[in-house]
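Protein chains in written order, with the working numbering: chain B, 292 to 746; chain V, 292 to 746.
Possibly wrong hints are sitting among the right ones.
The list treats identical chains as interchangeable, and a pair is accepted whether it falls inside one copy or across any two copies.
Below are the EDC-like pairs computed for lysine to aspartate or glutamate, each with C-alpha atoms no more than 20 Å apart in a straight line [to be verified]: (1) Lys309 x Glu295; (2) Lys738 x Asp327; (3) Lys332 x Glu510; (4) Lys385 x Glu363; (5) Lys392 x Asp516; (6) Lys420 x Asp516; (7) Lys575 x Asp545; (8) Lys419 x Asp449; (9) Lys546 x Glu303; (10) Lys320 x Asp647; (11) Lys420 x Glu337; (12) Lys299 x Glu364; (13) Lys385 x Glu364; (14) Lys294 x Glu737; (15) Lys385 x Asp319; (16) Lys370 x Glu384; (17) Lys309 x Glu355; (18) Lys546 x Glu574; (19) Lys742 x Asp552; (20) Lys720 x Glu460; (21) Lys546 x Glu304; (22) Lys550 x Glu364; (23) Lys299 x Glu363; (24) Lys701 x Glu304; (25) Lys489 x Glu345.
Simulated from the structure, these hints should not be mistaken for laboratory data.
The lines below spell out each chain.
2 protein chains.
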Amino acid sequence: MKKEIPYKIYLEESEMPKAWLNLRAFMDKKPAPLLDGETLKPITLEKLSNVFCEELARQELDDESKFIEIPEEVRNFYKMYRPAPLVRAYCLEKALDTPAKIYYKFEGNNTSGSHKLNSAIAQAYYAKKQGLKGVTTETGAGQWGTALSMACSYFGLDCKVFMVKCSYEQKPFRREVMRTYGADVTPSPSMTTEVGKKINEEFPGTTGSLGCAISEAVEAATSRDGYRYVLGSVLNQVLLHQSVIGLETKTALDKYGVKADIIIGCAGGGSNLGGLIAPFMVEKMQGVRDYQIIAVEPSSCPTLTRGVYAYDYCDTGKVCPLAKMYTLGSGYIPAASHAGGLRYHGMTTTLSELKDQGLMEARSVLQTEVFKTAQTFARVEGILPAPESAHAIKVAVDEALKCKETGEEKTIVFGLTGTGYFDMMSYQKFNDGVMKDYVPTDEEIEKAIAKLPKF
Amino acid sequence: MKKEIPYKIYLEESEMPKAWLNLRAFMDKKPAPLLDGETLKPITLEKLSNVFCEELARQELDDESKFIEIPEEVRNFYKMYRPAPLVRAYCLEKALDTPAKIYYKFEGNNTSGSHKLNSAIAQAYYAKKQGLKGVTTETGAGQWGTALSMACSYFGLDCKVFMVKCSYEQKPFRREVMRTYGADVTPSPSMTTEVGKKINEEFPGTTGSLGCAISEAVEAATSRDGYRYVLGSVLNQVLLHQSVIGLETKTALDKYGVKADIIIGCAGGGSNLGGLIAPFMVEKMQGVRDYQIIAVEPSSCPTLTRGVYAYDYCDTGKVCPLAKMYTLGSGYIPAASHAGGLRYHGMTTTLSELKDQGLMEARSVLQTEVFKTAQTFARVEGILPAPESAHAIKVAVDEALKCKETGEEKTIVFGLTGTGYFDMMSYQKFNDGVMKDYVPTDEEIEKAIAKLPKF
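From just these sequences and the hints, can you work out the full model?
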């Protein structure tokens, strides 16, 4: 007899993963290597270690180790806010009147408000272990900066966050959370770095950009002793750490004998989606089970659905290595949509390669549709989702409604990456009926892609 | 052999309480009855039912039923965000280097951000069952209004919230959460009620008060068909519903064979504390175990520590019944401290009577000390607490440090009622070093108490 499924499945501490899953190691055809921007050859561990902590640089380049042990100190921190619940969306199913079974992995029940903490604590741990004084990073909307502040505070590391100036001014609450955790938050562009000074001189009164904040954070790390730069998405190491999401999800489903049919996640740089799908993708590649895997992106930044698969710079400032990925070009400036975490021009190499191999599909959705779904979800499931997360909900609902048409009882699993408590200005726009949609024209996309580096 | 205690104890769905515990029914000497403001006699069910839903009015007056069944619909809603975890504060213990064992019941993992949802959903359920169209209420800081909006949205009830005007303007995010859940949020004083119009005429440009918002909400309920007024604290019915906090806590402790020594909670109107201590107080009154029970209040509103035990009005507008309680007088205006939920001039009758009988003690704490503790807690336990909740943390830490002095291994349990995500302006004041403390002088207290009604 099948066990009755509770509203929320919480694993026991003893069931939590003890190793991260390195998805690339399971791929027959691996993602293309990162290239050194100066030599255009695969980047070396040595060079990467100037910017990143050594162990993280090693993880970044490792596509052989299938599993990498989670250090005990990190597992202890995980125990403070994990396991994250796998929720059976009984109320949503009822509201949609669908025969589909819907589950979501909820990563929002921690002070950073999202899954970002999973990698932040790992990166802080390795920085501490290396004997560093601190780390630097950039943050836009502020989720990553918050997560890193918490992680650094736990390990007693200095944390320097360059926050895009307009966010610094418009989102003072996120800034204050970081300060409460002892982080040093600087509006970017600042006068504390050479690159910041230069940009301020060139563009007086600028409110900054993520590209500029990255450049400042990298300079702040490489120009002083005992510091390294850390990043919350796109990188292989981040996907590795985020596999804890998928591993817990799979264990919880297995525990109740549930077989998923569709796995859905939102995709900005790919950190959450890459982590969520990891163990399912392994089974798919090994022919164990044929999951339908869907990446959801905003129509305003349609990297996977309308970009090209090519080598490109990971950052606007071109200080990071080049990656082969689906991209709209590192100069592409997406419209100011309300899902700040999904405004990245590229996509992590692993997901790009999986998409190229036809193992993963992608859809783009309009933000007004996303907020409409978010509102429904909040009302029936009691959780107010982050705009980013609501992209996944939108497609989960679409798929559940298809099941209603066909009568199929598919099992849908999606990632609910975070809460929207710090996004109420966006909800206000929606509540006031003044939110707009953005879909770039073909010309705009072509123009952006034409600027890709040529090799 | 004792089971190892995990970081977080989550009960199984089957272990969740099926009935609320009615603490008053276990008391030999009951709290004094509510008095009708017009007759000064104990208020009747009939009269109370004009303002409150019938079943809730019944619960309000019931000091006989020891347990009251939780309706299945309410239990199903509880399953969406409950059981709340009982957390073993391993990291805090380590940071304090104390032999004490510290546990906290965390009620913040839901979109309303606090324990208020436990009663909101029950009150909405009874309103729906009575066939009402909607309910009205007031909200200051916004936690109760948010919880009620969520509950009403779930049951398809209209929800009219009168929000103190200065909060409406200064806390737009809470307002937007309520609107996202479909609530009608009106800044108070408004021009939609007679009392509102009158106040606006008398005091042009006023930014409102909780007392005024209560009066408007009561008028809005009683002046239209199919509406009743609901309230988030102070009332007996609210304590009843909140007993789910204490019952889950007790079950979780029992499951692991843990015996608590000290139970601590913050106290504004008393809703959280009354719920948390319920099953422990029963054991204490029955001589099963002698728990030390501590109510914590802000030094700026020292109801239990410096007030008198007497009949007083529950609201500034004097529209509600009179209650015998610890009070500073319904005209007492506490300093604008950062724990808006603890700025009530009185205390629920049950807790007042328990204090008077010597079964519960009370302490008042300075808000700068509270925020200092909140910051430490956020850093070591990863949860950013609401300023209200942090009052309980402060005393828990004090007690744990006493254990360090004496070497005693006491088990301390406190209620972490909610998160501080919407309180970052207060944290900012603390981070900037400009937060002040308020302690009323003896003269101020005497002057306020002198205005109590005389019978």
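Results for each hint:
Only between protomers do Lys309 and Glu295 lie at most 20 Å apart by alpha-carbon distance; the minimum there is 18 Å, versus 27 Å within a single protomer. Taking the shortest alpha-carbon separations for Lys738 and Asp327, neither the intra-copy value of 26 Å nor the inter-copy value of 75 Å comes in at or below 20 Å. Neither within a single protomer nor between protomers do Lys332 and Glu510 lie at most 20 Å apart by alpha-carbon distance, with minima of 23 Å and 75 Å respectively. For the identical chains of this complex, Lys385 and Glu363 are inter-copy neighbours only, at 16 Å across copies versus 41 Å inside a copy, given an alpha-carbon limit of 20 Å.
Proximity of Lys392 and Asp516 under a CA criterion of 20 Å is satisfied in neither setting, with 53 Å inside one chain copy and 40 Å between copies. Proximity of Lys420 and Asp516 under a CA criterion of 20 Å is satisfied intra-copy only: 16 Å inside one chain copy versus 67 Å between copies. In this homomeric assembly, Lys575 and Asp545 come within 20 Å of each other (Cα to Cα) only inside a single copy, at 16 Å, whereas the closest approach across copies is 44 Å. Proximity of Lys419 and Asp449 under a CA criterion of 20 Å is satisfied intra-copy only: 10 Å inside one chain copy versus 53 Å between copies.
With identical chains, the CA atoms of Lys546 and Glu303 are at most 20 Å apart both within one copy (11 Å) and between copies (15 Å). Taking CA atoms no more than 20 Å apart as the test, Lys320 paired with Asp647 passes inside one copy only; the shortest distance there is 11 Å, against 75 Å between copies. With identical chains, the CA atoms of Lys420 and Glu337 are at most 20 Å apart within one copy only, with a shortest distance of 18 Å there and 69 Å across copies. In this assembly of identical chains, Lys299 and Glu364 lie within 20 Å of each other by CA distance solely across copies; the values are 17 Å between and 27 Å within a copy.
When the C-alpha separation of Lys385 and Glu364 is checked against a cutoff of 20 Å, the pair qualifies only between copies, where the shortest distance is 14 Å, while the shortest distance within a copy is 42 Å. Taking the shortest alpha-carbon separations for Lys294 and Glu737, neither the intra-copy value of 53 Å nor the inter-copy value of 63 Å comes in at or below 20 Å. In this homomeric assembly, Lys385 and Asp319 never come within 20 Å of each other (Cα to Cα): the closest approach is 41 Å inside a single copy and 46 Å across copies. Taking CA atoms no more than 20 Å apart as the test, Lys370 paired with Glu384 passes between copies only; the shortest distance there is 15 Å, against 30 Å inside one copy.
Taking CA atoms no more than 20 Å apart as the test, Lys309 paired with Glu355 passes inside one copy only; the shortest distance there is 18 Å, against 52 Å between copies. Taking the shortest alpha-carbon separations for Lys546 and Glu574, only the intra-copy value of 17 Å comes in at or below 20 Å, while the best inter-copy value is 38 Å. Taking CA atoms no more than 20 Å apart as the test, Lys742 paired with Asp552 passes in neither setting, with 39 Å inside one copy and 68 Å between copies. With identical chains, the CA atoms of Lys720 and Glu460 are at most 20 Å apart both within one copy (18 Å) and between copies (16 Å).
Taking the closest pair of Cα atoms, Lys546 and Glu304 come within 20 Å of each other both inside a single copy (14 Å) and across two copies (16 Å). Proximity of Lys550 and Glu364 under a CA criterion of 20 Å is satisfied in neither setting, with 32 Å inside one chain copy and 29 Å between copies. Taking the shortest Cα distances, Lys299 and Glu363 sit within 20 Å of each other only across copies (17 Å), while inside one copy they are farther apart (26 Å). For the homomeric pair Lys701 and Glu304, neither the shortest alpha-carbon distance inside one copy (30 Å) nor that between copies (25 Å) is at most 20 Å.
Proximity of Lys489 and Glu345 under a CA criterion of 20 Å is satisfied in neither setting, with 30 Å inside one chain copy and 70 Å between copies.
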